[in-house]
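Participant: Numbering (our numbering), first residue to last: 2 to 704.
In case anyone wonders, no lab produced these hints; they're calculated from the structure. Mixed in with the good hints, there may be bad ones.
Stated by the list, open to error - Calculated lysine-lysine pairs in the DSS-like style (CA-CA distance at most 30 Å, straight line):
no.	residue 1	residue 2
1	Lys208	Lys320
2	Lys320	Lys344
3	Lys208	Lys62
4	Lys134	Lys105
5	Lys108	Lys72
6	Lys271	Lys354
7	Lys527	Lys694
8	Lys465	Lys653
9	Lys105	Lys126
10	Lys72	Lys126
11	Lys126	Lys62
12	Lys271	Lys208
13	Lys694	Lys653
No experiment lies behind these values; they were computed from the predicted model shown.
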Amino acid sequence: MHCYVRNFSEPDRPRLIELPFGQGRLFSRRIRALADFLTDGFAIALESSAAKSRSDELQQKEQQSVGEITKNFEKRLAEAGLELVTVRESGISRPAILPVVDGKPLKMEELEALVEEGALTAERKAEFEELVKSYLQEFQEVTSRVGEVMRSTQERQRETMEAPARGILEDMTRSIRAQFPGDDVRVFLEELVDDVVENRLDGSNVKDFDAQAVYDVRLLEERAYGQDRPVIIENNPTLVNLVGGIERDWSPESGGRNGHRMIRAGSLYKADGGYLILDARDVLSEPGVWRLLQRTLSSGNLEIVPPEIGRSAWSQSLKPEPIPVNVRVILVGDTATYRHLDKTDPNFSDLFKVQVWFDSTFERDPAGIGQYAGVVARLVEDGESLHFTAAAVGALAEHGSRIGDRAGRLSSQLPVIADTAREASYLATQDKAETVGAQHVAEAVARSHHRGALPSRRYRELLKEGTFNVVTSGEIVGQVNGLAVMRAGTIKYGLPARITATVGPGDGGIVDIESQAELTGKIYQKGFHILEGLLLSLLRTDHPLTLTASLAFEQSYGGMDGDSASGAELCCLLSALSGLPIDQGVAITGAIDQHGRLQAVGGVNEKIEGFFDACSDAGMGPSQGAIIPTACVRGLMLRQDVIEACRDGRFKIYATGRIEDALEILLGAPVGSFDEGPPGPDTILGRVRARVKELWEQSQTRS
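Please build the complete structure, drawing on both the sequences and the hints.
Facilitator: Below is the structure:
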């Protein structure tokens, strides 16, 4: 550990002392006791020394010498009606020659007052003034000789007292040196002794000064030997919070000054020997912090007043010696921030060599569920929750799987799980239950879902009112129900989205209205281009695809991204081209590749439930359901009412790995294949091929 002490040779650069772990407070106490001795006992110790008698003897000789020098001069002054006295003006004492009137020495101003009163003539006053002037030269000579005697005596007294003073101080500091044998402690104590002897002695006396303010130790941080490596989390990584600073002492005695006693350590020093955890985005947002962090890690030295802070009025030009630190800095951030630093800063990869990616989920196995049980145990231990039953912990795990949105996995967002557990405990307390049951966890989840579900509820209301035109029954050509997800924190909601397609002759190609309106992200645009490639692969025409088609998400006015609608868009386009209607009671989600495979998407549970709610609001029909990729089946964790509807046959979930299977479900006709030649005219592909050929021929006729 480290501490700062006064640097006597460079007062603006406090000296750094390094001590073994656990020795800081002891060293501080020893120096404080020494300062107390200098304040209260040092003068007494000097008084009792043999040198004090010698000093008193010198003082007596000084008085005799001064008396011999001034005796004849004072006698002649008395004969002239004058007297040598000591006067005090502006707080300073000095010798002066004054006239004596009626046995009393008076200043010239007092003589003037006597003249005005008529008690003294002006002529007599003038005589006094002339007499004083006549003795001035001799007076200066006498004063000079007296001063020389006094200076000589003071110097001899100082020489007399210096040796015993130094001896007393050496005795006082000897045990401190033995206890703390480092060179930096030795140098500090030697300079302390020199400072007392040279600057704190006034002849045979000790000057009145605040020894604590001058010699006190500023202990930065105390940590016992063998203590665990510190782990510091700095949530506000400003320059001052990281490196520390120099405060002001606003006590009446200090007058707002600062010194080594006002130095304060920051997070970088508190984490010395351990770990400092910082948010990378916060570090980059604070001016100068990134540069300081790099310099500290590269040099291994921490500057309390770095150039980024500067020598402001607050620091009063103090620049403490740098502190050697050995700290491991852990930057936490997202992928974009990492890539930015890796690309723009050549030193980043050298300073931060270990890269760790944290998964948003972990295995749903006994060990993973044990993690959730551990969260509950900690809450119980801290008095924040009742005990949970095994079923309640299982319900928490179910909720974690839903949040994680991955089959066989649990969400690693343990703070969210803890919040759910706290709310479940509160509900159990309201029920006056002794333990938290699975029903309390389910109610807590439902409540949190309800609190964040206002956008979803409003959307359902608009569907009921007919403001949003989503049809959940019947058949329509060129229209399909896609499935979208919206988020509110960790809570997700599924909503049906009406997708429409129109086709006609021309050479405009396939136009995506969302992309044209700049409402889509790059992943969505990629999915749309894959759709175009897959269409060529499915049709295998012997002529160019010359047509104009448009796809749109109807009544969608916000931005969107993701490729989970590409399967629905392809089905909608093929319906428009074939003239075959799509069953509006079946929605679809899934991304496609250029070979027709239906690929996994996120939020599948919420998407199914969202369409189920829309169907329930409109009145359930006999053949409603949702198409999902086969890869999403393992991640299904549906609400109980949806499960019961599926069990009763009122709602169906179709899992398929190919877009051809989805087309047959939605359009109610066989897709057809090229295994034995071109697809037949009654197949979906046969109809589409015939239509695109007709459009091509129309374009040829027009040209």
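Participant: Report the numbers of all earlier hints that the structure fails to satisfy, in ascending order.
Facilitator: 2, 11, 12, 13
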